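> Single-letter residue listing:
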Amino acid sequence: MEVDIARGLAAGPGTAAPARVEVVLDVTPSMAAAARGKSSNLDAARAGAAQLLRALPPDVPATLVAFGVSGPACQAPPLVLGPESGRPAVLALRAEEMSPVAEASLASTLDSVAIALAEQEVAERTRVVVFADFASQCGGDPCAAGAKLLATGATLDLVVLGEAQVPACLRSPVLPGGLPASVSHRTDANPVSFRLMAAPAGPARAPADGVAGERAMRVDPGPAMVELALTPPLEVPVVLSPGALLRLRVIDFPEASPPLRDWAVETAPPPPDVSKEASPQ
Amino acid sequence: MKRSSLVLGAALCAASNALADCEPWPGEPSPLPAVSSSDDLTARFAHLRAEELAALALQLEPLAPGDAHRVWLHVACLDPQRDDAREGAERTSPVRVHTPEVVHQPGEVVPAAADLAFAFGHLDDPISVVLATRGADASAKPRATTSALASPTVRPQPRAAPSESPLVADGLLDEAEGLVRQAHFEEALEKATKAREAVPPTGDPAALGKRRARADLIAGTAQVALGQDADARASFERAIKTDPSLRLDRASTSPKVVRAFDAARAAASGGAP
Numbered sequence: 001m002e003v004d005i006a007r008g009l010a011a012g013p014g015t016a017a018p019a020r021v022e023v024v025l026d027v028t029p030s031m032a033a034a035a036r037g038k039s040s041n042l043d044a045a046r047a048g049a050a051q052l053l054r055a056l057p058p059d060v061p062a063t064l065v066a067f068g069v070s071g072p073a074c075q076a077p078p079l080v081l082g083p084e085s086g087r088p089a090v091l092a093l094r095a096e097e098m099s100p101v102a103e104a105s106l107a108s109t110l111d112s113v114a115i116a117l118a119e120q121e122v123a124e125r126t127r128v129v130v131f132a133d134f135a136s137q138c139g140g141d142p143c144a145a146g147a148k149l150l151a152t153g154a155t156l157d158l159v160v161l162g163e164a165q166v167p168a169c170l171r172s173p174v175l176p177g178g179l180p181a182s183v184s185h186r187t188d189a190n191p192v193s194f195r196l197m198a199a200p201a202g203p204a205r206a207p208a209d210g211v212a213g214e215r216a217m218r219v220d221p222g223p224a225m226v227e228l229a230l231t232p233p234l235e236v237p238v239v240l241s242p243g244a245l246l247r248l249r250v251i252d253f254p255e256a257s258p259p260l261r262d263w264a265v266e267t268a269p270p271p272p273d274v275s276k277e278a279s280p281q
Numbered sequence: 282m283k284r285s286s287l288v289l290g291a292a293l294c295a296a297s298n299a300l301a302d303c304e305p306w307p308g309e310p311s312p313l314p315a316v317s318s319s320d321d322l323t324a325r326f327a328h329l330r331a332e333e334l335a336a337l338a339l340q341l342e343p344l345a346p347g348d349a350h351r352v353w354l355h356v357a358c359l360d361p362q363r364d365d366a367r368e369g370a371e372r373t374s375p376v377r378v379h380t381p382e383v384v385h386q387p388g389e390v391v392p393a394a395a396d397l398a399f400a401f402g403h404l405d406d407p408i409s410v411v412l413a414t415r416g417a418d419a420s421a422k423p424r425a426t427t428s429a430l431a432s433p434t435v436r437p438q439p440r441a442a443p444s445e446s447p448l449v450a451d452g453l454l455d456e457a458e459g460l461v462r463q464a465h466f467e468e469a470l471e472k473a474t475k476a477r478e479a480v481p482p483t484g485d486p487a488a489l490g491k492r493r494a495r496a497d498l499i500a501g502t503a504q505v506a507l508g509q510d511a512d513a514r515a516s517f518e519r520a521i522k523t524d525p526s527l528r529l530d531r532a533s534t535s536p537k538v539v540r541a542f543d544a545a546r547a548a549a550s551g552g553a554p
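Sequence lines, in order, name chains A and B.
If you read the first sequence in this note's numbering, its first letter stands for residue 1, the second for the next number, and so on.
If you read the second sequence in this note's numbering, its first letter stands for residue 282, the second for the next number, and so on.
The reader is advised that the hints may include incorrect statements.
Not the full set, but computed from the structure, chain A residues with beta-carbon under 8 Å of chain B [to be verified]:
1) E2
2) R94
3) V239
4) A264
5) V265
6) A268
Calculated Cβ distances over 12 Å to all of chain A for the following chain B residues [to be verified]:
7) S317
8) A327
9) A338
10) D365
11) T474
12) D485
13) P486
14) L489
15) A511
16) P525
17) S535
18) S550
19) G551
Restraint-style ranges between C-beta atoms, simulated for each label pair [to be verified]:
20) R186(A) <-> S311(B): 14 to 24 Å
21) A135(A) <-> D302(B): 50 to 60 Å
22) P72(A) <-> V384(B): 15 to 25 Å
23) E163(A) <-> E468(B): 37 to 47 Å
Because the hints were derived from the structure by calculation, they are not lab data.
Quick caveat: nothing in here was measured; it's all calculated off a predicted structure.
Every residue gets a Cβ at the ideal spot worked out from N, C-alpha and C, and that includes glycine.
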């Protein structure tokens, strides 16, 4: 016989951690060029970042990441201020005060943000907002950096200032697959054990233990009871036939309201590796 | 099958392909069940799983939109006919591009939002940039300006001195400026207030006036940052009345502070605010 169990979500953490915001601000000198009587992209970037920071809910931690505010050109790391919580005006004012010093790379800035978010284990609840003209003078691969950032689970808002186009790979990136962290936290990965016992009114039977999802085990035919170590335990009466594989399939949704379970008992020809040994199964 | 379902299926096809072709997550049967399965238990699992993941995705949207997006796509794999899965995936798209217009006039101040979605909903709004006017003399080098805000300094140590003396006042003013540079505006305001009180009532009137004006200028700058606009204006007006030669270094001062200072100067000189 063999047992398969498919489970729904397990109980989750009581309170969710708050979302976070990272504002990435391009303060490079190339942003500062302005036509007569018009503002520069830098003016717009600073104003837009400050506008967003002042609009954030007070309980949302925010970080300001400015690149281009120090030298040497294309090598200096970005200036990181925060995270600040409850004082968005502080970062807004700092954003308005940022002055260009040297060219810097958007790609390496996004890369450093991705690394920091992953290290802090806050990426999946972080929204990254970039205020830039997307005409970086320092090279780097913004597509790779953007993909790395999205792979952490963070989201990306690109605020485009000026006439430059956002690379297509950033507009429509290949999204990461796999289990999201928020679901992983609520997925019970522990295997479920079961015990095959004598049925209440059936003949005596030596108990046999197994683990759901593992290969079929050989047991004696006749009526029996399968007890699965779920919460609460589940008992399923079965009748094992000689020369056949009994498959017990269970679905278990402990967090449904009300909790839901269902199962099916099926009989099939035994798999070759079991049938070669001995019957009955 | 309804037309909307066909559209939904097509819309989600590309996204699902990007997510490893609806691969099962750990703990799920392989291949990933679908509600259309001919096997009752498999179909029932797909339905229940889609239900619980859709509920989870809704919870995740405001907190972890990137995760919510992946969950919505997985829901669509389990049950391609769910409209809420398509809508949820669109709502939580992990990349958004905004191209706001830039306007050269004062815009409406967006108040702090109750939730992030509201704040981010304004990213496509026009960005208001007020161009600096040619009123002030940017080349002037006043003694008391906020220009030092842009240059790194170390927070000065408190000095031991009588509570009311030029030395105490200068020390407190240095500390207050350092606090402004570090964005500790509440503490800066407190220090600036103390510094003003520490300026002795007697001595060289011009020097004392400069100190008081400097204290008011720092206080006003901190008040702008803290959103205390009326107090900031009063501080700036007081500073300008005490030292009419007071100028800001516009190259290194926040545009918002410059605007508040200019408005105070206009009011102090009897012009329109």
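> Please name the hints from earlier in the document that this structure breaks, with their numbers sorted from lowest to highest.
The structure conflicts with hints 1, 3, 5, 6, 8, 9, 17, 21 and 22, although it agrees with all the remaining ones.
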